[in-house]
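Same order as they appear, the protein sequences are chains A and S. So the first sequence is numbered by the working numbering: it starts at 1 and just counts up by one. So the second sequence is numbered by the working numbering: it starts at 1001 and just counts up by one.
If you are wondering where the hints come from, they were derived from the structure by calculation, not from laboratory data. C-beta atoms are modelled at their ideal positions from N, C-alpha and C, and glycine is treated no differently. Some hints here could point you the wrong way.
[What the hints assert, rightly or not] Label-pair ranges, simulated between beta-carbon atoms:
no.	chain 1	residue 1	chain 2	residue 2	range
1	A	47	S	1082	22 to 30 Å
2	S	1048	A	2	31 to 39 Å
3	A	39	S	1053	18 to 26 Å
4	A	74	S	1035	38 to 46 Å
5	A	174	S	1030	25 to 33 Å
6	S	1053	A	49	23 to 31 Å
7	A	122	S	1010	20 to 28 Å
8	A	150	S	1053	25 to 33 Å
9	S	1010	A	44	44 to 52 Å
10	A	173	S	1011	27 to 35 Å
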Amino acid sequence: MKRRFEDLVDTHGGRLLQLARALLRRNDEAEDVVQETLIKLWHALPEIEPRRELGWLLACTRNACLDLLRRRQRGRAVLHLVAGAIAGADTDTQHEPDEQPDAHITAEQRARQLHAAIAEMPEPGRSLLVLRDIQEVDVATVAELLSLTENQVKVYTFRARRALRRRLEEESDEFARSEHVA
Amino acid sequence: MNSHDPNMSPEERRSLERDLAAEQRLDGQQAPDDPALAADWRLKHELAALQPPALPAALRRRVLAHASRRVQTRWLLAAAAMVAAAVIITSLVQPWHSSQPVDRPEMVSAEQLGELGLALNTIGDGTRFGLRLAGQELAAGVSRLDLSPESLPYFDRVQRILAPAADQANGPST
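Generate coordinates for the entire structure from the input sequences, incorporating the hints supplied.
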């Protein structure tokens, strides 16, 4: 069982972290969620059927993230008082000032820009983009995970991607305008 | 979402079918001709090229250490359970008691002595009653036995052996 567990940690650990980062936008919290999820996996592993581990892991990670977001939202009234300071501290490297769109940005910068834009998307579009487009998880697993039909998964993914594209284009246009003014 | 959902307006249904068809067109290996769909297709492929981050080594170590600790804990629990079972069995069986002589004589109380006397008397009475009953039954059986010599096994052979001697003893006299 330990061997199977290690394999799962190595195979899926990265994508869990990617999903948690996209949902939470905080590296420290994302790592905590992934650690918690993997420890839960260790305890639940005898009951999980082989080949269903990914669905289980993604569901566990996403639920933990959403719980955390709800708790965070409840504390928003307090956080609102220091919103200005929090806005900078709450976001990690994805919101660094050097993330402005640019024709000559590196692949790493572009990746961060995409992740940051996805992180701004509402649910379930955000999860769909991460799971379907980035991680290429099959439609059936995602449908089960998000309690959607397979057609809903496809349509919502299409709409989320189009919304993301428009957002990126707007950012790019704004940047171009600011460059032009300067 | 189902395009045959009766609660769905015709506009919603058309929108759903259009988006579903568009999503399926993006599955192709080549970008569609439609500029908007081509941009969607490019973004989709750009997203697919994003690699998931590696799990930080410290996080991986913590998770695997937890699993190892759980395995060790299970072994320790199993060992502890076995030791506890051995202690309980040993304390119940107490094998050393059978080999060690009793250091001091047991003191018998008057009450215990009375109980012992009563038990012995009960056994004595029961035994006497049983013997009496058995004797009566046996006596009745014995009285019914046919005690004639002919009923004995091999009496005829014994009789033949004994008969000449009897004849000799009676012969000269006649």
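Each hint, compared with the structure:
Taken as a hint, the range 22 to 30 Å holds for the pair residue 47(A) and residue 1082(S), whose Cβ atoms sit roughly 27 Å apart. Taking the beta carbon of each, residue 1048(S) and residue 2(A) are about 33 Å apart, inside 31 to 39 Å as hinted. For the pair residue 39(A) and residue 1053(S), the beta carbons lie near 19 Å from each other, so the given range of 18 to 26 Å is met. Separation of residue 74(A) from residue 1035(S) is about 44 Å and conforms to the stated range, judged on CB atoms against 38 to 46 Å.
Between residue 174(A) and residue 1030(S) the Cβ separation comes to about 31 Å, which falls inside the hinted range of 25 to 33 Å. One distance hint, 23 to 31 Å for the beta-carbon pair residue 1053(S) and residue 49(A), holds here, with the actual separation near 28 Å. Under the hint 20 to 28 Å, the C-beta atoms of residue 122(A) and residue 1010(S), about 26 Å apart, fit the expected range. At about 28 Å, the CB distance of residue 150(A) to residue 1053(S) agrees with the hint of 25 to 33 Å.
A C-beta distance of roughly 46 Å is found between residue 1010(S) and residue 44(A), which places it inside the suggested range of 44 to 52 Å. At about 29 Å, the CB distance of residue 173(A) to residue 1011(S) agrees with the hint of 27 to 35 Å.
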